[in-house]
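Below are the chains, spelled out letter by letter.
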Amino acid sequence: MIEPYGKVLILGCGTCMTVCDAGGEREISFLHSALDLAQARSGNGVHSFSEYTIKRQCDLEFLEMLLGRIEDVDAVLSLGCGIGVQAVAERFPDLPVLPGVNTSFMGMTKEWGVWDERCAACGDCRLAETAGICPITRCTKGILNGPCAGAKNGKCEANKDMDCAWILIYQRLERLQQLENMRRYYPPRNFRTIPRPRRIVSKATVEVGVNNE
Amino acid sequence: MNSSVIGSTRECQTTAIKKSTLDHSLVPPCQDACPLHMDIREYVDLVAQGRIMEALQVIRNGNPFPSICAYVCTHPCEEACRRTQVDKPVAIRALKRFAVEFGGDKMVRAEAESKHTEKVAIVGSGPAGLACAYYLRKLGYPVTVFEAHSELGGMLRVGIPQYRLPRTVVDTEVQRLTKMGVEIRTNTRVVSLDLLLNMGYKAVFVTIGAHQGLRMGIEGEESPGVIDGATFLREVNLGLKPSLGKRVAVVGGGNVAVDAARTVLRLGVNEVKILYRRSRTEMPASDEEVKQAMEEGIDLQFLVVPTRIGRENGGLNVTSVRMELGEPDDKGRRRPVPIEGSEFNEKFDTLIVAIGQAPQTPGGFGVRVGKGSTIQVDPVTFITNRPGVFAGGDAVTGPATVTEALATGRLAAYRIDDYMQHRYPLADKDSREKLSGELLPETIEMIRRIDRLDLPTSPPQARANDFEQVELGYGWEAAINEARRCLRCGMGADILFQYKCATCLSCLRVCPYHVPYLDASGTIRIPPDQCQACGVCVVECPAKAIVLRKPYDRRHISEELEHVLKAAAQSNVRPLIVGFCCQYGLFGTGTLAGLWRGAGASIWIVPVLCTARVEADHMLRAFEMGAEGVFIAGCGEQCARENTDFWVRQRVEKVRGVLTQIGIQPERIQAFVSTVTNDGDPAEELDRFAEQVGNLYLASIIMQEVRS
Chain F
1 MIEPYGKVLI LGCGTCMTVC DAGGEREISF LHSALDLAQA RSGNGVHSFS EYTIKRQCDL
61 EFLEMLLGRI EDVDAVLSLG CGIGVQAVAE RFPDLPVLPG VNTSFMGMTK EWGVWDERCA
121 ACGDCRLAET AGICPITRCT KGILNGPCAG AKNGKCEANK DMDCAWILIY QRLERLQQLE
181 NMRRYYPPRN FRTIPRPRRI VSKATVEVGV NNE
Chain W
214 MNSSVIGSTR ECQTTAIKKS TLDHSLVPPC QDACPLHMDI REYVDLVAQG RIMEALQVIR
274 NGNPFPSICA YVCTHPCEEA CRRTQVDKPV AIRALKRFAV EFGGDKMVRA EAESKHTEKV
334 AIVGSGPAGL ACAYYLRKLG YPVTVFEAHS ELGGMLRVGI PQYRLPRTVV DTEVQRLTKM
394 GVEIRTNTRV VSLDLLLNMG YKAVFVTIGA HQGLRMGIEG EESPGVIDGA TFLREVNLGL
454 KPSLGKRVAV VGGGNVAVDA ARTVLRLGVN EVKILYRRSR TEMPASDEEV KQAMEEGIDL
514 QFLVVPTRIG RENGGLNVTS VRMELGEPDD KGRRRPVPIE GSEFNEKFDT LIVAIGQAPQ
574 TPGGFGVRVG KGSTIQVDPV TFITNRPGVF AGGDAVTGPA TVTEALATGR LAAYRIDDYM
634 QHRYPLADKD SREKLSGELL PETIEMIRRI DRLDLPTSPP QARANDFEQV ELGYGWEAAI
694 NEARRCLRCG MGADILFQYK CATCLSCLRV CPYHVPYLDA SGTIRIPPDQ CQACGVCVVE
754 CPAKAIVLRK PYDRRHISEE LEHVLKAAAQ SNVRPLIVGF CCQYGLFGTG TLAGLWRGAG
814 ASIWIVPVLC TARVEADHML RAFEMGAEGV FIAGCGEQCA RENTDFWVRQ RVEKVRGVLT
874 QIGIQPERIQ AFVSTVTNDG DPAEELDRFA EQVGNLYLAS IIMQEVRS
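Chains F and W supply the protein sequences, listed in that same order.
Its first residue numbered 1, the first sequence is counted upward by one per residue in the working numbering.
Its first residue numbered 214, the second sequence is counted upward by one per residue in the working numbering.
FYI, nobody ran anything at the bench for these hints, they're computed from the structure.
Some hints could be false.
Restricting the straight-line Cα-Cα distance to at most 30 Å, the calculated cross-link-like pairs of lysine-lysine (BS3-like) are [stated by the list, open to error]: (1) W:Lys301 - W:Lys415; (2) F:Lys55 - W:Lys763; (3) W:Lys713 - F:Lys110; (4) W:Lys560 - W:Lys351; (5) F:Lys110 - F:Lys55; (6) W:Lys415 - W:Lys454; (7) F:Lys155 - F:Lys110; (8) W:Lys328 - W:Lys392; (9) W:Lys332 - W:Lys392; (10) W:Lys647 - W:Lys584; (11) W:Lys459 - F:Lys55; (12) W:Lys301 - W:Lys454; (13) W:Lys415 - W:Lys584; (14) F:Lys160 - W:Lys867; (15) F:Lys160 - F:Lys203; (16) F:Lys55 - W:Lys647; (17) F:Lys7 - W:Lys713; (18) W:Lys544 - W:Lys713; (19) W:Lys544 - W:Lys454; (20) W:Lys351 - W:Lys328; (21) W:Lys504 - W:Lys301; (22) W:Lys332 - W:Lys301; (23) W:Lys504 - W:Lys459; (24) W:Lys351 - W:Lys454; (25) F:Lys110 - W:Lys867; (26) F:Lys7 - W:Lys779; (27) W:Lys867 - F:Lys7.
To give an idea of the chain F side of the interface with chain W (calculated C-beta under 7 Å), a few residues [as the list claims (entries may be wrong)]: (28) Val19; (29) Asp21; (30) Phe30; (31) Ser33; (32) Ala34; (33) Asp36; (34) Ala38; (35) Ala40; (36) Trp112; (37) Val114; (38) Asp116; (39) Arg184; (40) Pro188.
Ideal Cβ positions, reconstructed from N, Cα and C, are used throughout, including at glycine.
Input sequences plus hints: build the corresponding full structure.
Following this line, the structure appears as C-alpha cells:
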C-alpha cells in the first residue's frame, strides 16, 4: 500500500482510536517501529516515516494542525477510523491518504484488551423493546424473533463462548417484568438496503430577518 | 539487518518528555521526617540496584558525617515510613550503614578552597559544631574548632558508648575536617567570647552541648555513690574505671539511662536495675536499645521513683515510691502520680541519675540564657543577643539527637555565611510538594509483603562483657532485599499530558493496585499518595499521556537502548543480542555480566528498572537497530510485585505478531521470567537462547547467499 510513496506521515487520532488502542500515540509509534524494522529487514530503505497525532481526525478544524507537516510528505497513513481517512482526504485534495486501520465495528471495552460489538447504526432502533440488548449486532443471525433452535445452554450454536442474545433479552425482560414485550406484534422491520449516504440535520431552516410566524 | 537513516520526530519527543518530567517527584515522608532532609528514597533505590557507590554519593551529599548517623541515628525516617502501613518500615539506617561500610571513605571529596578571609570560631566539637565547621569550610571560610577535651566529637565521644559507635568511625569522619583545612584546638576550654572576637574571629558559633546532669532534688542526692548519667558516661568514655560496687541502679528512661545501665553491665556489674517513673510505652529511649538492654539482663523497673537516699554500711539505702499513670500532660504523656503508702527500700552500691541534662554556659560568654539553662537564639538566624555570636545544638535545644545537631550545624553555617556576606537570612525551602496521606486499604492489600531484615546483633551473653559493637552489618544480599522493600513514595505515575488523555480508562483497568479513579467530573485521577510507581499504566496508556515522576535525570529506556546499540555497533561479534534486564534482581547486580562472556554471541544489556516498564516499541526498535535477538530478563522471585511477568509476556506476544508479519522468526525474542531459584542456571538458559539466535542468524545468511 505504501510502496509508491517515499515520505509517509503516520497520523494518529487522539479520541476514539486512542480509546480503542487502535490508532493513538502509542500505536502510531509501534507501527512506526514496525515499518522501520520491516524496511531495514528488506534492505532497501526507500521510505522515510514520521509520526503525528491530532486530537480528532474527523473534524476539519483539527486537520488544520497538519499544515506545515504535510507539505513535504508523499502520503498520509491515517490510523483514524474510516471517517478520519475520508476527512483527511477531503481536507487535502492533493494528498494521497491511506487507511492504516481496518475499521470493524462500534463496540465497547469488555475488559482491558477485549472489545465487543454493540451497535450497527442501522437507523431502526429496537432497543426499547428488547430490554436494551441489540439483537441485530449480538445475534449471529440478526433475527428479530429469537431465540432460534440453535441456542443451547444460553450459548449460540455458532460459537460456544458467545451468549445467545435472545436468551439474554428474555432473561432481562423477565427480570424487568416486561415479558409481554415478546408477546406483542411488531410490524416487519425494513430490511431493504439503507439508502446511503445518510445525513442528519439538527439545525432548523430559518431565514434571518424574516418573520417566520 | 542494517539500519537505515530514518527521519523521525522521536528524538525531540523524548527530549520534551525528559524536560517536563525532571524533578517533579514529591518529597517522601522519610525525607520530610529527616532533620537533614536526606534523599533517602534515592539512596535506598540505588542500594536495591546494587549501585552502592552511587548510593554512598547520594548519602554523602546530604550528610557531612554519614558513618556516625549510620550507627546512632534515631531514624525518624523509619517512624514516618509508609511501609509501616503494610508490614514494617524499611530498615533505612541499616541500609545506610551497609553503604557506608561497603564504600568506606571512598567517594569523599575533602578539598575545600579558601574564598574568604573572615575567620569563624566554633566553640565545642560535638556534631553541631563539626557539621557547622564542615559546611563553613566548604563555603570557603577559615574555621577554628575549640574543644575542651583532648579529642573531638563532644557527646559522640564522651556520651555515646563504644558498643554503639566505634571510636574508629568518629576518628575517620573527624579527620576529614583536618584534611579540609579546619584548624583544631583541643584541650582548649573557652571561657570568654570577647577574647575570641578580639583574636579576629568575625563570628562565633557556640555549641557547647548539654553536659550538666539534672538533679532529682531529693534528700541524700549529695551522698557519695550517687553520680549523674552524663558524668558517668564521660568518665568511662575517657578511659576511667569508676568503682561501682555490686548493685547499681540507674534512674531515668531516656537513651542516656539505658546507655549508662548497659555500660555498667560491661564494667562487670551483674545486678543492674533501671528505675523509671512511667511505663514502657512512655520510655523516650529508642526501642532497639531497650530491647537489647533487656536481652542483656538489665532489670527494668517501671512506675518507680526514688524519694530518699540514705547512707548505710558503705552502701546506699534508697527509698522509692510506686507510681500510677494519671492524666496526660501538655505533651500528651501520662503524668505519673505517687501511690500513697507504697514506699519501699532497696540497697544499692551506686545510684546513677540520668533524668536529663542541661547546658552549662560560662558566664563569661555573655549570652542570654533561658528556660532550662539553654542559650536563647533567634530560631531562623541562630544569632544570640550578642552580634556575631551564634549558637545551636543541645546548648540551645536541650538534649536532642545527633542528626538534629548535624542539621542545626549545617543551617547555622548557612546563616553565618549570610551574616558574613550581609545577606538577608532566608529559611531554606524545598519547592517540591510533600507527599502526604495514608495508603488506602485496597492499595495495601495489593502490596506484596516482604519481611523486614533487622540488623543481626551479637548474642547477649557474648556482648555484655565488653565494649565491642552490638549490631553487625548486612551482607550484600540482605541489603539489596531490604532495599527492595521501599515503596518509592512520591515517584508514582502522573498524567502529565492531561490534554492527550482520552479518558480511555486503560490505566484504571491495568493498575495492579487499584489506584486510578474517575472523579465526579469524569476526569481520571492517579493520586500520587497511593501510586506504587510500577509503571504499567505508563506503558499501556494508548495516548502516552502518563509519565513516572523522576527525582533525578535518569535515562529513559529508549535512551539507554540507543546508547547500548551505539556501543554495540563497534563490536564485530555476531549475532548481536540485546537484553532488557531488570536492575533490581540477580540479572542486574552484575551477576549476569559473568554469564555472557562464554556465549558465542555479542550480548548487550539495556538496564531497566523493572521489566514491566519495557514497551513493545523498545523491543521492536532493538531489532530495527540491528539486534538479531532480544531477550527480557526480570528478577523473578525477587520481584517486589506480583504480575510483572504477565505484562512482559503481553508485550513479547505483541512483538512476535509483528515479527511474524515482517518475516522474522518469532523465536528471536524471548522473556526469561524464571530465576535461578527455580529453573537452575540462568547462564544455561541464556546460552540456549544465544545458540538458537545464532542458528537462526546463520540460516538467514545462508538464505541470503542462496537468493543472490
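Structure-inconsistent hints, enumerated in ascending order | Structure breaks hints 1, 4, 6, 10, 11, 12, 15, 16, 18, 19, 22, 24, 37, 38, 39 and 40.
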